[in-house]
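Asks: This is what each chain is made of:
4 protein chains.
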Amino acid sequence: MENNSIAIILWSCPDQKGLVARITQFIFEHGGNILDLDEHVDAQEQRFFLRIAWTTSNTNDGEEELKKKFTPLAQEFHATYNIRFAHHKQKLALFVSQYDHCLQEILWRYEVGEFNAEIGFIISNHTDLESLAQRYHIPYYLFPITKENKHDVEAKEIALLQQQKIDTIVLARYMQVFSPEFISQYQHSVINIHHSFLPAFAGSNPYKQAFERGVKIVGATSHYVTAVLDEGPIIAQDIIRISHKDSLEDLIRKGRDLERLVLARALRLHLQDRVLVHGNKTVVFD
Amino acid sequence: MENNSIAIILWSCPDQKGLVARITQFIFEHGGNILDLDEHVDAQEQRFFLRIAWTTSNTNDGEEELKKKFTPLAQEFHATYNIRFAHHKQKLALFVSQYDHCLQEILWRYEVGEFNAEIGFIISNHTDLESLAQRYHIPYYLFPITKENKHDVEAKEIALLQQQKIDTIVLARYMQVFSPEFISQYQHSVINIHHSFLPAFAGSNPYKQAFERGVKIVGATSHYVTAVLDEGPIIAQDIIRISHKDSLEDLIRKGRDLERLVLARALRLHLQDRVLVHGNKTVVFD
Amino acid sequence: MENNSIAIILWSCPDQKGLVARITQFIFEHGGNILDLDEHVDAQEQRFFLRIAWTTSNTNDGEEELKKKFTPLAQEFHATYNIRFAHHKQKLALFVSQYDHCLQEILWRYEVGEFNAEIGFIISNHTDLESLAQRYHIPYYLFPITKENKHDVEAKEIALLQQQKIDTIVLARYMQVFSPEFISQYQHSVINIHHSFLPAFAGSNPYKQAFERGVKIVGATSHYVTAVLDEGPIIAQDIIRISHKDSLEDLIRKGRDLERLVLARALRLHLQDRVLVHGNKTVVFD
Amino acid sequence: MENNSIAIILWSCPDQKGLVARITQFIFEHGGNILDLDEHVDAQEQRFFLRIAWTTSNTNDGEEELKKKFTPLAQEFHATYNIRFAHHKQKLALFVSQYDHCLQEILWRYEVGEFNAEIGFIISNHTDLESLAQRYHIPYYLFPITKENKHDVEAKEIALLQQQKIDTIVLARYMQVFSPEFISQYQHSVINIHHSFLPAFAGSNPYKQAFERGVKIVGATSHYVTAVLDEGPIIAQDIIRISHKDSLEDLIRKGRDLERLVLARALRLHLQDRVLVHGNKTVVFD
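Chains as they are written, first to last, in our numbering: chain A, 239 to 524; chain B, 239 to 524; chain C, 239 to 524; chain D, 239 to 524.
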């Protein structure tokens, strides 16, 4: 056991004295050697957030055993927590429509090994990106969507997601809005890229909105999808400078670079268990 | 005549063939040597924007004579234009309330000679910054504002502005809103700094709004003031990255650096006649 | 003639009065409508730089005819100049070794239509990227290089470049150094990406150098290749922030994003005839 | 005791198991409540770095008592460490020459309360900035330097620094180089701002070097001063973009904004005990 002996815990609980000491002592007693520790106290909310990565070389515990061992500690502190072994790859489903740049970026990084994940399949409401999926040998499921069939399609999608045990859904410029029922099943597990610096220019055609407002900077925002459109917890944002020389087409072209980098960054942070959600905000241990 | 022999024209008209040739030929015939030329065609609006700086060494014309000479050309092309000699310093009035950082920045840059301007006076609705004004030997007028006296105060302010022939008003974190009547007299001549990345977080307490939304980037926006609050043409914007570690106080502190730099940059661009307004957007030749 | 009626001139000459007027008048007289004009005067060098894009709708001239018409004007002002029609695509050769990220980026942007160019072929001293070339149906020539055969290989490469009438060579992380003889034949036509913020960390292993120096920012630099390694005129640079948390591997990974974006940006500027070289510096009209 | 009950430890030692548990347990046993914890393991050097801020409300220990209590723990782990109470302000000396921008920036932030420090005095080899010092009521000592008197002047400066118990020296564009003997007495306690993106353009006239090289980005670097000029551990760096339009004077002007912000940032990090030095590199817990 080398790489698979690294465990990562994400922990959140009401703040109180002695938390770090207790948790790190617990890890030490179980033979762990801490590689990386990040903690944050939200002074306003009086809440404590923790991420620890450690080597579990002296134990033969599996992920589930380890989780169980932490249960009493977590209960004592009223904590929510999650433990994952670094060798445990999350399983992803990618949702796309017609734009290829975000999909292209994710597949290239996937191939290079930047994501600790396995891509199960791609779902699209269009055929456009099927050949790109084939290049990378990823199954591509076509689900055309109309107002009438939306409910049925979502049911089929959920069936597929569950059957393939998908952990995380990535909306790589997927141009459909999910129902609240769908989202409720994948809380903090659906990552979207919005092509504006939220909360500016929420909704449709953000580049057109930005062009018409005459801003000097445009942005992109990657966030967890919640029931309210474009209002979920923000994971990553970035911007580029523009000027009067830039046409709407230039904004769209320049924005592509931003969208794919911001989405890739958010996905990587998520897959490395570096993102904690509290309320509508995130703690990102990068 | 050395430095004072540099003239700058800002010109805007419907686009048509031969504009640059005609205007530059006109300057050449009047003995000018072009130092710097920027042009922009807004393809969508079919509108032409131009800035030329040239040396007028062979002429004894004053600014008004030069303006008159351009009149027939401007009429022919239905242009709006302005000509200023580089040695003609604009006269500024600064409006402040209680925050000192933007005033401090402008006064320091003023002293160093970064602004081609003369500061006539400072107006404030508070006494806080009077000592700072005294350090730099700038007259400081106190106009406390209440709901009742607002109309009267504005009248006094306008009288003062007119008497001192103020060209440009800088709102250096001035916490009062002008009446539309006031603004109509200083169109594209009142520069404000809003402490957010507009149009995100317009209105009051933008840092609080940003903190609560959990954004990963905050910004500042300098714009010309129009009748509609926070919606005037944007001159300059910039951003800084923040994280979950930043409290509301940290946002305010970090934002100060942003506000003063963005306001100073916008003011410098304005004073160098580098900003053209068309509709609600700017062309900034920087 | 629509798109193909756009002509672009890049012009450089000693500064003197009336240049813009004469050149724009010339274009006007030949029925041109200026779309975009950028000029720059290097006050220290007393040199004038110009780029004009105009529609040549009223003429049936080809590129060569147009060039000839400009000859007397250029001679009068001792100018160097080049004219290209926007529909005239440059022909590119890409040189690669084993890293795929820059090639991947260029091929994707090429497919999307971001480059006004035709990629003739890819040359590599390794087989690694052949399958990527095949995905995009680009011919891939393998030229393994040893100390002994270097001279012969360059001769073969030059023969291939000339036979295919290659205008511009892109070194997309090509790990070989050309001989001065090679470079002299493609002056200001070979674009390289160096994975550091030149002049810091020139030479080999720049990320290792950066890691060991403990810098807080790393960069990438795209430049024209000259006889002196890593000292050619710089076209584009960009940076990313790093911290003590970043291992050498992290620097390499983060640097990949930088390298491909900076190289793509420099190539696009070059292909749009936006780069003028004077001495060892560039004027970039972006 | 409220604010003065916050203690901060900076700790560095060879990495081994159980370090965090032991140290946090120790703090817990002494009644501490951890507010903020940052740790870093340099995997290559097998070295462990830690910063903890905690409230010491249950104890009446002073700083020295607290330091003593940590001694056995530090000896056990072969650690170097420092403890400071948050209410313990460091005492600063500022060294300046003729440029005012960095001094101006530091004094303004000092007045606003951004630095947890007390400025003891300003030393200069010129009279230029005396009036600025007076504005802020800071003692200003003039020590003109010649080749002949350099040794003597340093002796007087050291006497003054020691007499006033100065903790940290800030070189705010001080244009003299200290002798190795001087530096050896203030290891990791002299903070300089170099007006380039080190290691590019070390030495004198970095803006001139940058201008002549034709870079598209210039930077500033704040670092601890060591015996080798411009090669000390880097605390903070930042950059701005430039273009062919920028003259050498523009670089100098734009660089001023960069220098003062980077120096202020480095100083703040240092004063908050967020910087650990190991070899020639820093760990910055920001």
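Among the hints, erroneous ones may be present.
Intra- or inter-copy, both count: the list cannot distinguish identical chains.
DSS-like mimics (lysine-lysine), calculated; alpha carbons at most 27 Å apart, straight line [said to hold, decoys possible]:
#1 Lys307 <-> Lys385
#2 Lys255 <-> Lys306
#3 Lys307 <-> Lys255
#4 Lys306 <-> Lys403
#5 Lys519 <-> Lys483
#6 Lys307 <-> Lys483
#7 Lys394 <-> Lys519
#8 Lys483 <-> Lys255
#9 Lys492 <-> Lys329
#10 Lys255 <-> Lys305
#11 Lys307 <-> Lys388
#12 Lys327 <-> Lys483
#13 Lys492 <-> Lys327
#14 Lys329 <-> Lys305
#15 Lys483 <-> Lys403
#16 Lys329 <-> Lys446
#17 Lys305 <-> Lys492
#18 Lys306 <-> Lys388
#19 Lys403 <-> Lys492
The set of hints was computed from the structure by calculation and includes no laboratory data. The model shown is predicted, which means the values in this text are computed figures rather than measured ones.
Asks: Which numbered hints turn out to be false for this structure?
Replies: 1, 6, 7, 11, 15, 16, 17, 18 and 19
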